[in-house]
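Asker: Each chain, written out:
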Amino acid sequence: MEEKLLDVRDLKVSFYNEKGSVQVVRGFDISLQKGEIVGILGESGSGKTVSSSSIIRLVDESLAKVDSGQAVFRGRDLLKLSEKELKSIRGREISYIFQNSSAALSPYKKIGKQLEEVLKTHGLPQSKEHILKTLEEVGLEDGERIYDMYPFQLSGGQNQRIMIAQCIICSPNLLIADEPTSSIDASLQKTILDLLRDIATRNRMSVIIITHDFGVARYLCDRLMVMYGGLVLEEGTIDDILSSPLHPYTKELIRCAQSLARDDNTMYTIEGSPPTPDQFREECPFYSRCKLREDACLDGIPERIHVDGRKVRCIKYEKR
Amino acid sequence: MKVILATENLSKNYIVKSGVFTKRQVIQAARDVSFKLMENQSLGLIGESGSGKSTVANLILRLIQPSGGRVELFGEDVTSLKEEDMRRYRKNLQIIFQYTNDVLDPQMTVEELLKEPLKIHRIVKDSQMDKEVKRLLEQVGLSPSERWKLPGQLSGGQNQRIIIARAIATRPKLIVCDEPVSALDVSVQGQILNLLMRLKEELNLSYLFISHDLKVIRHMCDRIAVMKNGEIVEMGDTEEVLNNPRHEYTKKLIEAIL
Chain A
1 MEEKLLDVRD LKVSFYNEKG SVQVVRGFDI SLQKGEIVGI LGESGSGKTV SSSSIIRLVD
61 ESLAKVDSGQ AVFRGRDLLK LSEKELKSIR GREISYIFQN SSAALSPYKK IGKQLEEVLK
121 THGLPQSKEH ILKTLEEVGL EDGERIYDMY PFQLSGGQNQ RIMIAQCIIC SPNLLIADEP
181 TSSIDASLQK TILDLLRDIA TRNRMSVIII THDFGVARYL CDRLMVMYGG LVLEEGTIDD
241 ILSSPLHPYT KELIRCAQSL ARDDNTMYTI EGSPPTPDQF REECPFYSRC KLREDACLDG
301 IPERIHVDGR KVRCIKYEKR
Chain B
321 MKVILATENL SKNYIVKSGV FTKRQVIQAA RDVSFKLMEN QSLGLIGESG SGKSTVANLI
381 LRLIQPSGGR VELFGEDVTS LKEEDMRRYR KNLQIIFQYT NDVLDPQMTV EELLKEPLKI
441 HRIVKDSQMD KEVKRLLEQV GLSPSERWKL PGQLSGGQNQ RIIIARAIAT RPKLIVCDEP
501 VSALDVSVQG QILNLLMRLK EELNLSYLFI SHDLKVIRHM CDRIAVMKNG EIVEMGDTEE
561 VLNNPRHEYT KKLIEAIL
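Those sequence lines, one after another, are chains A and B.
Numbering of the first sequence is given in my numbering, commencing with residue 1 and proceeding in unit increments.
Numbering of the second sequence is given in my numbering, commencing with residue 321 and proceeding in unit increments.
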């Protein structure tokens with residue numbers, strides 16, 4: 001029996017500065033089953049990081065404000081909780097791996113001490129045994145030795161594992177990983193993704209992985225959401241999206257990736273560049289680059305259409 | 321075919337002393353690196369971070385001094401050239417960095433950014449300057465009307481084109497490309513790769529191409545050198561190395577392609 005862990009609906013987030021406000025997330029919906037791995041694929045400025053960090057309100061609230069929406073996690077709307085209630089959830093039930101996470105480890109403290117602090121923060125018993133077990137879980141066999149080492153004595157790959165250990169030591173139900181492999185070597189990428197999948201399967205932990213890399217998404221995810229211009233333009237299982245993409249943007253993106261994989265003489269490209277939030281209008285964000293565009297695409301933001309269990313924001317499907 | 325760049329047993333050692341009572345330790349960031357790069361060819365440098373790719377690039381650009389070995393540019397030994405003599409070579413030798421927000425001065429307009437290298441190396445007369453800026457913009461696929469803009473008003477892909485325009489402004493023969501597309505969006509990467517390929521033919525350029533993305537390297541490079549712990553462990557024609565890797569480490573890198 002499938003069990004729903006997280007249900008985010010119609011999330012909208014705006015950034016504020018002295019000049020005014022700009023809405024950077026204009027429509028974000030995600031629903032996650034226990035143990036499921038969902039990818040959020042998007043280019044820079046598409047809103048993928050803001051939307052997923054807004055769920056646990058990790059965005060600076062003096063700059064960003066959630067305009068509307070709900071994020072129900074195990075029966076409670078995260079967007080309505082007090083900061084104190086959220087603190088008991090962050091890191092304990094929902095963990096977040098940041099992009100460029102090498103800065104997340106203190107250079108002055110031994111690994112064992114740093115993991116102990118995570119347990120202490122969440123009021124859990126700080127047993128060395130539990131820490132060693134977690135180190136083993138992230139594939140660090142020499143746990144006893146690493147326990148007394150500093151981050152600079154470890155390799156980039158080992159530190160990445162320590163970071164994952166920090167995130168899973170409290171056995172969270174949900175792990176949000178923002179580009180977890182972008183700061184590590186390509187040769188280690190697969191190993192880290194394999195590790196995330198293993199832990200997810202073993203602990204029935206759900207994972208939201210944020211990436212701009214089709215390869216990462218295909219390798220790891222069960223389901224994929226494609227973001228562009230602050231909107232989820234398409235959502236479906238990874239197999240459906242790769243074999244029969246619905247949205248023109250997804251189709252073009254896959255053609256770009258295939259062109260590089262095939263090593264064509266001339267790369268297939270999408271002309272133009274993705275819109276930045278100040279260029280967002282009440283219209284389809286892909287309009288200016290879309291080969292199938294028509295005037296009707298400019299009549300407001302396309303609604304979410306259900307097509308054979310999948311969801312897509314494109315007016316071509318409204319007409320069917 | 322003309323040799324544009326040759327290195328011979330190029331080495332760089334760093335001496336590290338971690339504490340008062342610990343012995344000093346020598347780290348060999350590059351050891352005995354030897355290769356040749358021919359006219360209008362591209363050589364890809366691959367390997368994980370810390371393998372010595374950037375050290376080699378910096379040695380060739382003479383941003384750091386070698387501990388041993390030599391670098392020959394266009395047939396002349398430049399290893400011990402004085403800084404003022406080196407300036408002559410810098411014109412022929414450019415670098416394209418990975419695009420980040422701090423590569424281009426945010427307060428300079430596109431026009432100023434492009435005029436800078438033209439002035440420093442006295443490429444054209446002052447009266448020809450405006451014409452040359454427009455020509456460069458067109459060459460990298462930007463509209464001349466962009467020349468009044470600041471980097472902050474342009475997209476990542478457009479800024480990468482400006483970085484490329486600055487590099488080709490001095491009419492170099494050799495360009496070191498250090499991860500030129502890895503910071504770019506998927507839908508824009510291909511545009512930049514196509515541009516670099518076109519410029520290579522139009523301007524008869526040679527590239528020393530550094531990337532962690534083997535798919536990009538395969539597309540761009542005629543030959544590959546695989547680096548590990550400061551050494552070249554395998555070198556050969558791109559297709560040959562990728563289809564038929566000999567070294568265990570190369571095999572590992574190829575297996576890791578997603």
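Hints were generated in silico from the structure; no laboratory data involved.
Keep in mind that the hints are not guaranteed to be accurate.
Derived lysine-lysine pairs resembling DSS-like cross-links, with alpha carbons at most 25 Å apart [claimed, not checked]:
no., chain 1, residue 1, chain 2, residue 2
1, A, Lys190, B, Lys572
2, B, Lys469, B, Lys451
3, A, Lys251, B, Lys535
4, A, Lys190, B, Lys571
5, A, Lys190, B, Lys535
6, B, Lys520, B, Lys548
7, B, Lys411, B, Lys439
8, B, Lys439, B, Lys322
9, A, Lys80, A, Lys65
10, A, Lys84, A, Lys12
11, A, Lys110, B, Lys343
12, A, Lys251, A, Lys34
13, A, Lys4, A, Lys19
14, A, Lys190, B, Lys548
15, B, Lys454, A, Lys19
16, B, Lys469, A, Lys109
17, A, Lys4, A, Lys311
18, B, Lys469, B, Lys493
19, B, Lys454, B, Lys535
20, B, Lys571, B, Lys535
21, A, Lys84, A, Lys65
22, A, Lys80, A, Lys4
23, B, Lys343, B, Lys322
24, A, Lys4, A, Lys34
Asker: Hints numbered earlier in the text: which of these fail when held up against the supplied structure?
Answerer: 6, 8, 12, 13, 15, 16, 18, 19 and 23
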